[in-house]
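For the protein sequence lines, the chains are B and C, in the order given. So the first sequence is numbered by the numbering used here: it starts at 1 and just counts up by one. So the second sequence is numbered by the numbering used here: it starts at 237 and just counts up by one.
A few of these clues could be false.
[Claimed, not checked] What follows is a list of derived Cβ distance ranges for each label pair:
#1 C:420 x B:176: 33 to 39 Å
#2 B:211 x C:421: 42 to 48 Å
#3 B:214 x C:417: 42 to 48 Å
[As the list claims (entries may be wrong)] Facing chain B, from chain C, some residues (calculated, C-beta under 10 Å):
#4 277
#5 405
#6 407
No wet-lab data here; the hints were simulated from the structure. Glycine included, C-beta positions come from ideal geometry on N, C-alpha and C.
Listed below are the residues making up each chain.
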Amino acid sequence: MTRATGAAALAALAALFGCGDGHDDPCAAVAGACLAVRVGSTTVTAIDHLELDVLYGDRHGTTTTQLDGGRVFALPATTAITLEPEPAGPIAVGVVAAGKRSGVVLGTGAASATLGPDQHATIELQLAPPGDCVAGGLYCGGDKLAGDPDTLYRCNGGGVPHARGVCTAGCIVRPTADDACRGDGGVCVDGGHYCGGDKLDGDPQTLYTCQGGVGVSPRLCPDGCVVRPGDDDICR
Amino acid sequence: MRALVVAIVALGLCAAPVDAGPVDDRTVEDRALAHLDRGVAAFRRGDYTLAHRELEAANRLAPDRANPYRWLALTEVQLGDCTRALVNIEGFLARVPADEPRAAEMIRLRVLCQRTLAAAPAGPAGPSGGGHDRPAATPITRRWWFWTAVIGAAATVGGVVVVVTREPDATALPPIACGPTGCRPGGP
C-alpha cells in the first residue's frame with residue numbers, strides 16, 4: 001500500500017466516523033478569541049437554564065443562556081464565550097456554571113483557561129450538586145461552592161456563585177469568617193487604601209483602610225476595585 | 237590438522253569392505269581419496285559447494301566406501317538439503333557396523349533432519365527438491381487483499397468503538413458575549 005493510499009484510507013475513515021469536522025465546536029464560526037464551554041454531568045441529566053459567571057482579567061459578568069422559550073434540554077450542552085474587545089494579550093478566563101431547572105440549581109461546576117488574541121480554547125464543566133454555602137458569604141472556590149480554589153466567590157443561594165476576583169497570593173479558607181484573598185506584595189501602610197488581596201487580606205471588590213497591617217472600614221466597590229501601585233487603590 | 241583429516245578419511249575408507257580388485261581399481265581408489273581429501277578440506281573451510289562437488293566425485297569413484305557418504309551428509313546439512321542428506325546418512329549406516337563410533341553421529345543427524353523436514357512447509361526444503369530454484373513466496377503484506385482486509389477490519393472495529401462510546405450530540409446553546417459592561421447572551 002502506498003503512502004498516498006494510506007492517507008486516503010485514513011481520511012475516508014475519519015470522514016466515515018465524523019472525526020475532525022468541527023460540527024460540534026461552538027467557536028467554529030468565530031474569528032476572534034473564543035472560549036468553547038462544554039457542560040456535562042453525571043448527576044444532572046436535564047436543565048432549562050445555564051447560568052454562567054465569567055471572570056476575565058479584572059472584569060466579571062454573569063448571564064444566562066437557554067433554548068428558545070426556556071425549553072428543557074439534556075446534557076451535555078455547549079456554548080461559546082466571546083470577549084469584546086479582543087484581549088490584547090493572554091488573559092485568564094474563569095467560568096462558574098450553574099445548571100437550573102424550574103429555578104432550582106441542580107448542579108454547579110467551574111473551570112478556567114487562558115485565552116490570547118484570536119485564540120480558541122475549550123473548557124469542560126462538570127455539574128455537581130451545589131455546595132452548602134450561605135448566601136451572601138464569601139468563599140474560596142471549592143469551599144462549599146464550585147469554583148477555582150484561587151478565586152474568591154460570593155455565594156448566590158439561587159444561582160451561580162459570583163466571582164469576586166482572582167487571588168494572586170492564594171485564597172484563605174476561614175472556617176468562622178468569610179474566606180478572603182491573601183494580601184500580596186508586602187505590608188500595607190497604615191492609613192492607606194487597598195483593595196482586598198493587595199497587601200492586605202480581603203475581598204478583591206472591596207476597598208479597605210490599612211490599620212496595623214489589616215484592612216478596616218471596608219467599602220464595597222460595585223464596579224470593581226482598581227489596584228494602583230505606588231498610590232492608594234480606588235473603587236472603579 | 238591436515239594429517240589428521242587424511243587419517244580420518246583413510247580410516248573411513250578402510251571401514252568399508254574392500255574388494256580384492258585389480259591394480260587399476262587401486263588407482264581409482266587413490267583418485268577417490270584425493271577427491272575426498274579435497275572435499276573434507278573445503279568442508280573445513282566452509283566452502284560447502286566445492287566440498288559437495290569433490291565428495292560426490294569421491295562417491296562416484298568409490299561408491300562402496302562409507303566415509304564419502306558421511307561427509308556428503310554433513311555437507312548437505314550445511315547446504316540445507318536434509319532430503320538428500322538423509323539418503324547419504326542411510327548410505328553410510330548401511331556400510332558400517334552398528335557399533336561404528338560415527339554411526340551415532342549420523343543417527344543424531346538423521347533425527348535432526350527428519351525433524352527439520354517435518355517442521356518445514358510443504359515442498360522440498362533443500363536443493364535436492366529444486367525448491368531453491370523456485371521464486372520466493374510473495375509476502376502476505378504484498379498480497380492484494382491484505383491491506384484491504386486490514387482496512388476493512390479497522391473500519392469495522394472503529395465503527396463499533398465509535399458507536400459504543402460516542403457521546404450523545406451536545407445541545408447547542410446560544411453564545412455569550414462578555415465586554416466591559418459584563419456578559420450577555422448573543423453571538424459575535
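Original post:
Taking the beta carbons of residue 214 (chain B) and residue 417 (chain C), is their distance inside 42 to 48 Å?
Top reply: violated, 33 Å
Original post:
Are residue 277 (chain C) and chain B close enough, Cβ to Cβ, to be under 10 Å, as the hint says?
Top reply: violated, 51 Å
**OP:** Tell me if residue 407 (chain C) is really an interface residue toward chain B, meaning its C-beta lies closer than 10 Å to one of theirs.
**Re:** holds, 4 Å
**OP:** State, for the Cβ atoms of residue 420 (chain C) and residue 176 (chain B), whether the hinted interval 33 to 39 Å holds or is violated.
**Re:** holds, 38 Å
**OP:** Go through the hint on residue 405 (chain C) and say holds or violated, using the shortest Cβ distance to chain B against 10 Å.
**Re:** With a closest approach of 7 Å, the residue 405 (chain C) hint holds.
**OP:** Could you check the hint for me, namely that residue 211 (chain B) and residue 421 (chain C) are 42 to 48 Å apart, CB to CB?
**Re:** holds, 44 Å
In terms of the numbered hints stated before, the structure departs from hints 3, 4, listed from lowest to highest.
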